[in-house]
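Chains as they are written, first to last, in the numbering used here: chain A, 1 to 315; chain B, 1 to 315.
Hints are supplied without guarantee of correctness; some may be wrong.
[Said to hold, decoys possible] Computed footprint of chain A on chain B, listed as stretches where at least three residues anywhere in the stretch have a Cβ under 8 Å from a Cβ of chain A:
| id | stretch |
| --- | --- |
| 1 | 92-101 |
| 2 | 170-180 |
| 3 | 255-262 |
[What the hints assert, rightly or not] Residues from chain A shown here face chain B by an in silico Cβ test under 10 Å; the list is partial:
| id | residue |
| --- | --- |
| 4 | I10 |
| 5 | V84 |
| 6 | W87 |
| 7 | R89 |
| 8 | H95 |
| 9 | S221 |
| 10 | D250 |
| 11 | A252 |
| 12 | N257 |
These are computed hints drawn from the structure, not numbers from a lab.
Where a beta carbon is used, it is the ideal one built from N, C-alpha and C, also for glycine.
2 protein chains.
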Amino acid sequence: MLGVHLENGIVEVRDIPRPVRPRGHALIRLLAAGICNTDLELQRGYYGFCGTPGHEFVGDVVEADEFRLLGARVVGEINLACEVCDWCRRAMQRHCPHRTVLGIVKHPGAFQELFTLPERNLHILPDDVSTQSAVFTEPLAAACEILEQIRIPCGSRIAVLGDGKLGLLIVQVLRASGYPVSHYGKHASKLAVSQRAGATTHIGEPPAASFDWIVEATGSSAGLDAAIRMVRPRGTIFLKSTVHDRANLDAASVIVNEISLIGSRCGRFEPALELLRLGAVEVLPLISATFPLAEAARAFEHASQRGTLKVLLEG
Amino acid sequence: MLGVHLENGIVEVRDIPRPVRPRGHALIRLLAAGICNTDLELQRGYYGFCGTPGHEFVGDVVEADEFRLLGARVVGEINLACEVCDWCRRAMQRHCPHRTVLGIVKHPGAFQELFTLPERNLHILPDDVSTQSAVFTEPLAAACEILEQIRIPCGSRIAVLGDGKLGLLIVQVLRASGYPVSHYGKHASKLAVSQRAGATTHIGEPPAASFDWIVEATGSSAGLDAAIRMVRPRGTIFLKSTVHDRANLDAASVIVNEISLIGSRCGRFEPALELLRLGAVEVLPLISATFPLAEAARAFEHASQRGTLKVLLEG
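Based on the provided sequences and hints, a complete structural model is requested.
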C-alpha cells in the first residue's frame, strides 16, 4: 500500500507494509487528510522526525473490536494516552506524559492508505458533515480550546492576530459563540472569510493598549511582542502559535501591566464537530488545493508556499 | 530639610527645600522607610531616574485638608492616579496610564524629611502595628496581590521560588491563607523564616513537572525557566520578579503544556494591613539593618550587598 515517508526534509511516497492492528485499535482507510503547519515543521527538522506524518484525517474503519465502528466514517483525537496515569485519570489525556501523538510522536500518521488509532480516540461523523469539512475537526478543536480554558465574559471584544488557517478558524469559533472580534492580518483575501463571519478586519499594526482579550495566532514569535503592545493592563493573551524557537519576552511589560499569557494547544473534538454539524463555521474556503496521496511531495511543496491555506491529500 | 538625591547612580543626602503641599495632598513627616530592590535598580540606572527615591514608608501627617488625617501615623499607596480616566473609574488606579509613582515615576519619594501624597492614598495605621512592621505594608500588599488576581483552590500546594524579601513575604501570605507551601531558595538562614511559617523549605533545583501553582520571585530572569521546568501541564506561574531585561521564554513548553503566566505587581493595602494587625506574618526578622536618613548612602551600599534583606531608613 502507499504511504508517505518523511526523512531529512524529503517527502516520498513509498510502497510500505500494511500496518498490524493492535487490540483495541481500529484499522482506518484514509479518505482525506490535511497538511498542517506542524507537518511542514516536521519537514523542516523539528523533533528529528522520521516516518509517516499526518494527524488531520477522515477515514473509514476497516477493522475494529467494537462493532459500532465497523464501516463508520470517523475522525480521531491525535493524542494516544496511557489511560492509567494520574493525568489520564483526571481526564487530561491530552497532557499524558507517556502519550504518543499520531503522525508527530512515535505513532505512524495518517498520510498512508491504512493506519491505526485506538478506538476510544475515534468520533463517528454525522452524515451531514462532508469529508472535506471534517478534515478540519482537529484544527477546529484547537481553536475551540480557547473557550474551554477560561471564561471570557459575554460581549468582550477579542482581537485575533494572524490570518493563517488557525487564525481564520479561531475567528469563526469566537464569532459562533457571539463574541465581537477584531481580526488583524496581512491578506485581504483571507480576511474576507472573517468578514463574512462578522468580524471587523484590519491590515496593519494594531493600536497600543486597546484590547483586554487577544489571541496570538500569527505563527511567528514576533506576534507575541505585538500582542503585548496591544493588550490593556490586566488583559489576557492566548498563545496559539506553534513556535519552536525560544521567544524574546518583554517580561517587564507583562509584570507591570499584570498581563496573563495562556498557552493553548489541542482541544476536545466534541465542540468542533458540533460547529461543523450546525454549519456555524465556514471551512471549505480554507482549502487551497487537493492532491491524491500519491502526489504528497507536490502537495507539501504547495502547502509550504506563502499565502497557501489548507492543502488536502485524498486517499 | 534633609533629602536623598539619586542621580547617575550616586546617592547623596542634601539640604533640599521643604515641599509645597498641593490641595488634596497631605504633607508627611518621615518616620521610617524601606529600601526596596526597585530603589537599587533606580540606582543602577533603570528609568533614567533623577531625584528623590523611596516608596515604602511610614510617616506622620503634618498638614492635610482632611481633619481626620492631621497627626495620624500613615502608610500610603504609591500610585498617584488621575482619578478621571476609564481605568480609574473601573477602580484600577494602579494601572492608570497617567499615573505618577511615589519615588519612581515623576513624584518625589519618601527618602526625605517631608514629602507629599494625595490624601486618598493614605491609610491610618492601627495603634498595634509598629512603625518598623508597617514599613512592610507596600511589599506585603504586592505579595497579597497574587491571591486577588486568581482563585487558587483551597489546599493547593504552591511552590515559591526565591528567598529574597518578596519571596519570604509571599510565603507567609500564602501560609496565612492556609495554603501548603514549598519554598525553594539558596539561604538556610532566610528559609528559616518560611519554616517558622509552616512552609517546607528546599535548597537546590526543584523537581520537574511537580507543581500546579508556582510563584516566581527569584528576582532573576533565570527563575522563569526554572518555573517553566517545574510546573505541571495546565499549571499557573505568577511572575513576581522585578525584571527589567527582556526574558528568554521557552514558548514551546508554555504552549504545548498550556501553561498560564500571570504578571503580578502592586496590591491593595487593606489585606496587607489586616495581616500586620493580626500578627499573621512575621516581618521584623526581615530587617537586616537600620540607618538614619542622613546616612542613606551607607544604607544603599549595605542594601546592595548579597544576602541582605530589608534595610530601613529612619527619619
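Verification of the hints:
1. 92-101: holds (count 3)
2. 170-180: violated (count 0)
3. 255-262: Holds: 8 residues of the stretch 255-262 of chain B have a Cβ under 8 Å from chain A.
4. I10: violated (24 Å)
5. V84: violated (17 Å)
6. W87: Holds - the Cβ of A/W87 comes within 10 Å of chain B, reaching about 7 Å at its closest.
7. R89: violated (14 Å)
8. H95: holds (4 Å)
9. S221: At 7 Å from the nearest chain B Cβ, A/S221 passes the 10 Å test, so the hint holds.
10. D250: holds (6 Å)
11. A252: holds (5 Å)
12. N257: Holds. Min distance 6 Å.
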